[in-house]
Amino acid sequence: MSQFVMPSLGADMKSAVLMEWKVREGDRVHKGDILAEVETSKGVIEIEVFEDGIVEKLLVEEETECDVGTPLALIRSEGESVSAVPEPSPPPPEPPVSQTPEPPAQTPPPPEAVQSPPQGRIKASPAARKKARELGIDLFSVAEAGGEVHLSDIETAAPPSAPPLSGMRQAIARAMSLSNAQIPHYYLSTPINMTPALRWLSELNASRPIEQRILPAALLIRAVAKALQAVPELNGFWHDDAPDLRHEIHPGIAIALRKEGLITPALLNAGEMDLNRTMEALSDLISRTRAGKLRSSELTQQTVTITNLGDLGVQSVYGVIYPPQLALIGLGRISEEPWAEGDALTVRKVMHATLAADHRATDGRTGAQFLQELDRLLQNPQELL
Amino acid sequence: MTKEAITDAIISQIQTVAPEIETDDIRPDAHIQRSLEIDSFDFLKILTALKEILGVEVPEADYAQVDTLAKMRDYFAERVSI
Chain A
0 MSQFVMPSLG ADMKSAVLME WKVREGDRVH KGDILAEVET SKGVIEIEVF EDGIVEKLLV
60 EEETECDVGT PLALIRSEGE SVSAVPEPSP PPPEPPVSQT PEPPAQTPPP PEAVQSPPQG
120 RIKASPAARK KARELGIDLF SVAEAGGEVH LSDIETAAPP SAPPLSGMRQ AIARAMSLSN
180 AQIPHYYLST PINMTPALRW LSELNASRPI EQRILPAALL IRAVAKALQA VPELNGFWHD
240 DAPDLRHEIH PGIAIALRKE GLITPALLNA GEMDLNRTME ALSDLISRTR AGKLRSSELT
300 QQTVTITNLG DLGVQSVYGV IYPPQLALIG LGRISEEPWA EGDALTVRKV MHATLAADHR
360 ATDGRTGAQF LQELDRLLQN PQELL
Chain B
0 MTKEAITDAI ISQIQTVAPE IETDDIRPDA HIQRSLEIDS FDFLKILTAL KEILGVEVPE
60 ADYAQVDTLA KMRDYFAERV SI
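Protein chains in written order, with numbering that gives the first Met the number 0: chain A, 0 to 384; chain B, 0 to 81.
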């Protein structure tokens with residue numbers, strides 16, 4: 000018997016409202032089945048079960064707000080006899096480890112670890128410390144000799160027009176500060192001649208009905224996933240002072256929400272998808288992200304991030320790695336540029352691909368191999384079908 | 000089918016993929032994707048839905064002829080049967 004608990008779906012999530020159960024007591028469930036829908040600041044998320052079993056008991060009524068870690072249901076494994084069922088009333092203080100969606104990717108460690116002053120010690124009230132962290136203000140810059148820092152000092156020091164940050168913005172702020180403080184990034188960039196791939200794609204699309212057309216973004220994500228299979232050292236996490244590489248490739252795809260913000264849900268198992276499947280899955284993921292209909296696994300399982308700011312017209316994207324991931328791949332816009340081939344100067348459609356990687360886990364040589372393989376695949380797009 | 004009916008069909012499909020866009024936001028001569036922040040996936044969805052409704056499929060080679068509401072309306076008006 001195990002407990003299914005409210006998962007953490009992001010650093011900004013403390014609780015969520017259980018909107019609707021998708022199973023009933025006595026139902027047989029399989030790993031990956033949707034148990035319930037919960038509403039968070041990221042929209043309605045379908046939460047999934049992580050093991051096979053039978054729903055023994057639902058512990059929470061619909062439309063109840065539950066903190067992260069609250070037991071929601073009891074799941075009995077197949078072989079387990081009903082008589083052995085313990086009463087659910089005294090729940091163990093901590094949820095079983097197997098229940099927690101891995102990895103707790105977006106939970107930054109206590110911020111003290113990041114901002115503890117290297118020299119001396121500033122006297123400051125807890126509220127002042129908290130506010131200073133939120134606003135990214137250095138306590139040293141506020142402290143006067145010998146005096147204690149209070150909340151009002153921080154508020155005075157804050158930029159006057161700073162608007163209150165949304166929960167999502169705060170979560171991004173925490174993760175990015177942590178990333179830059181803890182991850183020694185290195186950056187590599189290479190221009191890729193996209194003319195052959197785009198020409199190949201146009202010919203492919205011309206022979207297909209509109210419903211089956213492939214967009215360049217899908218081709219690029221397919222190419223990144225395939226290049227990661229060739230250079231797996233960039234796919235995974237930095238855990239406990241060591242790289243924790245993953246066989247499955249779940250790239251987080253940066254998707255802009257129309258109103259505000261950005262989410263990077265995982266395109267789960269992208270490594271196993273052919274080009275058609277990549278296009279279908281990506282299109283579906285984008286629609287569901289914007290409709291606020293993601294699954295819990297898509298918000299917690301990213302093994303690497305792909306940012307394609309090409310739509311905004313920037314040439315290169317130098318990203319900040321999302322901890323504890325090992326790398327971020329930035330894809331710039333595709334534009335016409337002068338291009339030397341042999342001793343001739345021509346014009347080609349060119350995309351600048353950039354890799355930000357964690358130098359603790361890999362060296363530039365590994366990163367270069369990845370960009371080289373990405374380039375090679377895009378010069379041979381038929382390999383991406 | 001009248002040009003007005005075609006325009007209505009286009010606007011309705013734009014609003015299906017991007018519900019927050021008001022009819023008044025869609026200016027006839029503005030670039031649809033750039034002015035309304037419609038990405039390539041949304042644009043393809045709009046054209047796919049319009050194929051269902053109007054029976055006309057826009058090849059990729061013709062995208063430059065359908066990049067504003069006015070151009071898209073004229074493009075379909077010339078090709079829609081009846």
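Calculated directly from the structure, the hints in this document are not laboratory data.
Where a beta carbon is used, it is the ideal one built from N, C-alpha and C, also for glycine.
A portion of the hints provided could be inaccurate.
Listed next, with one range per pair, are the computed distances between beta-carbon atoms [said to hold, decoys possible]: (1) A:256 / B:58: 49 to 59 angstroms; (2) B:77 / A:283: 45 to 55 angstroms; (3) B:77 / A:135: 40 to 50 angstroms; (4) B:14 / A:68: 34 to 44 angstroms; (5) A:367 / B:73: 46 to 56 angstroms; (6) B:7 / A:180: 45 to 55 angstroms.
Here are some chain A residues the structure puts well away from chain B; computed CB gaps all over 12 angstroms [what the hints assert, rightly or not]: (7) 14; (8) 30; (9) 77; (10) 194; (11) 229; (12) 382.
Status of the hints after comparison with the structure:
The beta-carbon spacing between residue 256 of chain A and residue 58 of chain B, approximately 31 angstroms, falls outside the hinted interval of 49 to 59 angstroms. Between residue 77 of chain B and residue 283 of chain A the Cβ separation comes to about 33 angstroms, which falls outside the hinted range of 45 to 55 angstroms. At about 57 angstroms, the CB distance of residue 77 of chain B to residue 135 of chain A disagrees with the hint of 40 to 50 angstroms. Separation of residue 14 of chain B from residue 68 of chain A is about 41 angstroms and conforms to the stated range, judged on CB atoms against 34 to 44 angstroms.
Between residue 367 of chain A and residue 73 of chain B the beta carbon distance is about 50 angstroms. The supplied range of 46 to 56 angstroms therefore holds. In this structure the supplied range 45 to 55 angstroms holds for residue 7 of chain B paired with residue 180 of chain A, their Cβ-Cβ distance being about 54 angstroms. At roughly 27 angstroms from the closest C-beta of chain B, the C-beta of residue 14 of chain A stays outside 12 angstroms, upholding its exclusion from the interface. Against the 12 angstroms criterion, residue 30 of chain A stays outside the reach of chain B, whose nearest CB is about 30 angstroms from its own CB.
Taking the minimum C-beta to C-beta distance to chain B, about 41 angstroms, the non-interface status of residue 77 of chain A holds against the 12 angstroms cut. Look at residue 194 of chain A: its CB is around 15 angstroms from the nearest CB on chain B, clear of 12 angstroms, so calling it non-interface holds up. With a least CB separation of 27 angstroms from chain B, residue 229 of chain A remains clear of the 12 angstroms interface cut-off, as annotated. Chain B leaves residue 382 of chain A outside its interface by the beta-carbon criterion, the shortest separation being 22 angstroms against a cut-off of 12 angstroms.
Violated hints, listed in ascending order, are 1, 2 and 3; each of the other numbered hints is respected by the structure.
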